[in-house]
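**Q** Sequence:
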Amino acid sequence: MSTTTLHYIYDPLCGWCYGAAPLVREARRHLPVVAHGGGMMTGAQRQPVTSQLREYVITHDRRIARITHQPFGDAYFEGLLHDTDAIFDSAPPIAAMLAAEQLAGRGLDLLARLQQAHYVEGRRIAENSVLIAMAADIGLDAAAFAAALDAVSGAATASHISASRRLMNEVGAAGFPTFVLETDGQRELIDAGQFIGNPAGFGAWLAGRLPQTATAGTGSEFVCAPDSCQLPEKRA
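So in UniProt numbering the end of the sequence shown lands on 236, straight run, no missing numbers.
Take these hints with a grain of salt, some might be off.
Label-pair distances were calculated between CB atoms; the ranges are [claimed, not checked]: (1) PRO32 with HIS82: 34 to 42 angstroms; (2) GLY208 with ARG187: 16 to 24 angstroms; (3) ILE138 with SER2: 13 to 21 angstroms.
Keep in mind that the hints were calculated from the coordinates and are not lab data. The beta-carbon is built from N, C-alpha and C at its ideal position, and this holds for glycine as well.
Model the full structure from these sequences, guided by the hints.
**A** Set out below in structure tokens:
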């Protein structure tokens, strides 16, 4: 029997990944979805909120909101993006995803909660106290989650990010989000941009492809680049 999995290459601080959250939610109704955190804002890309970052992010996020109809809260635009003590760092929320997945198979559930916390509630999702609180919000035991988070932070998370970057290179991904349909070891890149704002259409498309593989795509303009969320308006 053929087995089909949807690989989802994401970053928790990627605005287009938040815009694609309804697609992920719909896809999970049809087939297993495996998340791969890409670490867009880690290492040298990790940074505090500054006026430059704020203006850069607001421009793109308002476009994402307009195209995807995903809600962005005032607590984000007028709160977090003015909080100069906040750090944008992808590694801690990716570690939290790994911890939730290891603990209860609920990494994607926690990602959805963290995206809401960041983009709607303006929470600092790079801080462990917030990560633990969000895990408790989705029903995970706070103490068990805290222990799991501690265990996967650091080297294990860095290894996961490196593996995600290798996968991106292997499939020719342009950035985040990337969706790859794999059936019996054969991987095909999906142009999910055509379904942005249309999760029902994405679900119907996936259902129609099972158990066959997807038609190869070339990527989409609706992505964050591997090290930033700036998007070219046109591609050569």
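**Q** Is 34 to 42 angstroms respected by the C-beta to C-beta distance linking PRO32 and HIS82?
**A** holds, 40 angstroms
**Q** Within 13 to 21 angstroms: is that where the Cβ-Cβ distance between ILE138 and SER2 falls?
**A** Because 32 angstroms falls outside the window, the suggested range is violated.
**Q** At the C-beta level, are GLY208 and ARG187 separated by a distance inside 16 to 24 angstroms?
**A** Holds, since GLY208 and ARG187 (Cβ atoms, about 19 angstroms apart) stay within the stated range.
In summary, the one numbered hint that this structure violates is 3.
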